[in-house]
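Undergrad: As a plain string of letters, each chain reads:
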Amino acid sequence: MKRGRVVIVLAIVTGTLIWVATKGLSGNLIYYQTPTEVLHAGSSIVGERTRVGGYVVPGSVQASGAIVRFVVTDGTTRLSVINTGAVPALFSDGRGVVLEGTYGADGVFHSDTLLVKHNGLYTPPAPGVTPSSADLSGGG
Amino acid sequence: MVSVVPSLWGYAIAGYVMTAGAIGLYVVALHARARRARDRAAAIAGRRRTSTPP
Amino acid sequence: MVSSLERVAGRITAPRGERILGWATLVAMAASAVMSLVVSPPDAQQGNAARLLYIHVPSAWLAYLSFAVVFVASIAYLATRRTRWDRLAAASAEVGVLFTALAIALGSLWGKPVWGTWWTWDPRITTTTILLLIYVGYLAVRRLSDSPARRARWAAVVGVVGFLDVPVSYLSVTWWRGLHQGTTIRLLGESTIAPIMQVALMTGVFAFTLLFLYLVTVRLRLGRLEDRAVAEALSPRLGQSAEALLEQEASARG
Numbered sequence: 001m002k003r004g005r006v007v008i009v010l011a012i013v014t015g016t017l018i019w020v021a022t023k024g025l026s027g028n029l030i031y032y033q034t035p036t037e038v039l040h041a042g043s044s045i046v047g048e049r050t051r052v053g054g055y056v057v058p059g060s061v062q063a064s065g066a067i068v069r070f071v072v073t074d075g076t077t078r079l080s081v082i083n084t085g086a087v088p089a090l091f092s093d094g095r096g097v098v099l100e101g102t103y104g105a106d107g108v109f110h111s112d113t114l115l116v117k118h119n120g121l122y123t124p125p126a127p128g129v130t131p132s133s134a135d136l137s138g139g140g
Numbered sequence: 001m002v003s004v005v006p007s008l009w010g011y012a013i014a015g016y017v018m019t020a021g022a023i024g025l026y027v028v029a030l031h032a033r034a035r036r037a038r039d040r041a042a043a044i045a046g047r048r049r050t051s052t053p054p
Numbered sequence: 001m002v003s004s005l006e007r008v009a010g011r012i013t014a015p016r017g018e019r020i021l022g023w024a025t026l027v028a029m030a031a032s033a034v035m036s037l038v039v040s041p042p043d044a045q046q047g048n049a050a051r052l053l054y055i056h057v058p059s060a061w062l063a064y065l066s067f068a069v070v071f072v073a074s075i076a077y078l079a080t081r082r083t084r085w086d087r088l089a090a091a092s093a094e095v096g097v098l099f100t101a102l103a104i105a106l107g108s109l110w111g112k113p114v115w116g117t118w119w120t121w122d123p124r125i126t127t128t129t130i131l132l133l134i135y136v137g138y139l140a141v142r143r144l145s146d147s148p149a150r151r152a153r154w155a156a157v158v159g160v161v162g163f164l165d166v167p168v169s170y171l172s173v174t175w176w177r178g179l180h181q182g183t184t185i186r187l188l189g190e191s192t193i194a195p196i197m198q199v200a201l202m203t204g205v206f207a208f209t210l211l212f213l214y215l216v217t218v219r220l221r222l223g224r225l226e227d228r229a230v231a232e233a234l235s236p237r238l239g240q241s242a243e244a245l246l247e248q249e250a251s252a253r254g
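Chains as they are written, first to last, in this note's numbering: chain A, 1 to 140; chain B, 1 to 54; chain C, 1 to 254.
Chain A with its partners taken away, still in its complex shape (with noise of 0.2 Å):
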């Protein structure tokens, strides 16, 4: 009786491992692509849902209403991206951004979701700058 309940959880848990590792550990373990391997795939992954990975190329972002454009950077190449999903508060200029959607074969990258990438540098903000959306009260 006791067993019982304990071999139905033992199988919930491998079968959500199972599920898990595949889920996340598919295509090999790459997570996102650079512009280059999208470019240098070009055809063959039109239409197919991916991930890339670069940095916001300074100057390029361009929004237009909930559409926001902008150009990725690997450093080597250059992806121009049309995103309709939500821009997380970090999104700017230089960020490392991960997208997700599809590319296009008008040569675009059309996302619907944009990760921004934390480059892993902790810094009190400049001072007098206080954090705040609005207000004055943001405390600190």
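These are calculated hints, taken from the structure and not from any lab test.
Incorrect hints may appear among the rest.
[Claimed, not checked] Covered stretches of chain A (chain C as the covering partner; in silico rule of three or more C-beta atoms under 8 Å from a C-beta of chain C): (1) 8-20; (2) 81-89.
[Said to hold, decoys possible] Residues of chain A clear of chain B, computed beta-carbon distances all greater than 10 Å: (3) 5; (4) 23; (5) 30; (6) 37; (7) 43; (8) 60; (9) 62; (10) 63; (11) 73; (12) 96; (13) 102; (14) 113; (15) 120; (16) 125; (17) 130.
Cβ atoms here follow ideal geometry from the backbone N, Cα and C, with glycine treated the same way.
Start from chain A and add chains B and C according to the hints.
TA: Only chains B and C this time, still in chain A's reference frame:
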């Protein structure tokens, strides 16, 4: 581009409350389990001493 | 050396030691909270959300530490067949599961404002989730057999094999591309964190390490009490120690 530092206190507070809650609950549960185990051991020992083995 | 280590461990796990350790932990946790929420400045990029660093990293550290203790205790059990090693592995695994879950939950909470998502299949997140599932499985395996010796043996095997995922999880950020940031504190080379924030982080790591010792101590006492209850019920002779009984059973089953 002027960079604005976001406040985001809500996420920090939620994280600290969650952490304090999880640790607090676990400590309380551990002590409760230890108390129950001690009482059970004492009860079994007590029964054995009052009854004669077959 | 082993016997003197055991003497120190014995002193800590004595009732007075447990109490002192409990108070020391409480003081360290309070100091850590003050450092993290009051003394430390907010971050230039993330604002106050960066304060999650001071609990997320210590939680992940305890997860790895716990499973390292499970690994060592499991090997020691397989080598010596002494019940105390099995009890240590069980205690540490339970604490480890708590802090692995906490590290994942805090990471999710942190990911929302900074990355822009609660969840993504990044290698660090994936391997850490696998770690959680392995040790939840470990705790389930411990409930599978009614024989203490068989239970301890099965658990020790899982405790040794399961540990393989700890270095994989830790090094996943350097091995593979992902969204998770790399190591901020580096033993070699420059850290990428302001000194005051590093002090706050280290205070957190220290406080959580004390907390780990305290939780394992209490959990070990619970394990001993549970074993005593079983031994009292099985004991052929009154007054025979639980320890001796369980080890007799272990050696009988080989």
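Undergrad: Now tell me if each hint is right for this structure.
TA: We went through each hint and held it up to the structure:
Chain C is given as covering the segment 8-20 of chain A, and this holds because 7 residues of the stretch bring a CB closer than 8 Å to a CB of that chain, at least three being needed. Coverage of the segment 81-89 of chain A by chain C holds [criterion: at least 3 residues with CB-CB distance below 8 Å; count 4]. Residue 5 (chain A), annotated as away from the interface, keeps every beta carbon of chain B farther than 10 Å; the closest lies near 19 Å. Remark: the non-interface label on residue 23 (chain A) is consistent with the geometry, its nearest Cβ contact in chain B lying 25 Å away (cut-off 10 Å).
Residue-level check passed: residue 30 (chain A) sits 30 Å from the nearest beta carbon of chain B, beyond 10 Å. The beta carbon of residue 37 (chain A) sits about 29 Å from the closest Cβ of chain B, which is more than 10 Å, so the claim that it is off the interface holds. At roughly 36 Å from the closest C-beta of chain B, the C-beta of residue 43 (chain A) stays outside 10 Å, upholding its exclusion from the interface. Residue 60 (chain A), annotated as away from the interface, keeps every beta carbon of chain B farther than 10 Å; the closest lies near 12 Å.
With a closest Cβ-Cβ approach of about 13 Å to chain B, residue 62 (chain A) is found to remain outside the 10 Å limit, as its non-interface label requires. The beta carbon of residue 63 (chain A) is kept farther than 10 Å from every beta carbon of chain B, the shortest such distance being approximately 13 Å. Non-interface call for residue 73 (chain A) relative to chain B: holds, since the shortest CB-CB distance, roughly 18 Å, exceeds 10 Å. Distance check for residue 96 (chain A) against chain B: the nearest CB is about 16 Å away, which clears 10 Å, and the non-interface claim stands.
A cut-off of 10 Å between C-beta atoms confirms that residue 102 (chain A) is not in contact with chain B; the least separation is 29 Å. For residue 113 (chain A), the condition that its CB be more than 10 Å from all CB atoms of chain B holds, with the nearest at approximately 20 Å. With a minimum CB-CB distance of about 17 Å to chain B, residue 120 (chain A) clears the 10 Å threshold, and the non-interface call stands. Not every CB of chain B is more than 10 Å from the CB of residue 125 (chain A) (nearest about 5 Å), against its label as outside the interface.
The claim that residue 130 (chain A) lies off the interface is violated: its Cβ sits roughly 7 Å from the closest Cβ of chain B, which falls inside the 10 Å cut-off.
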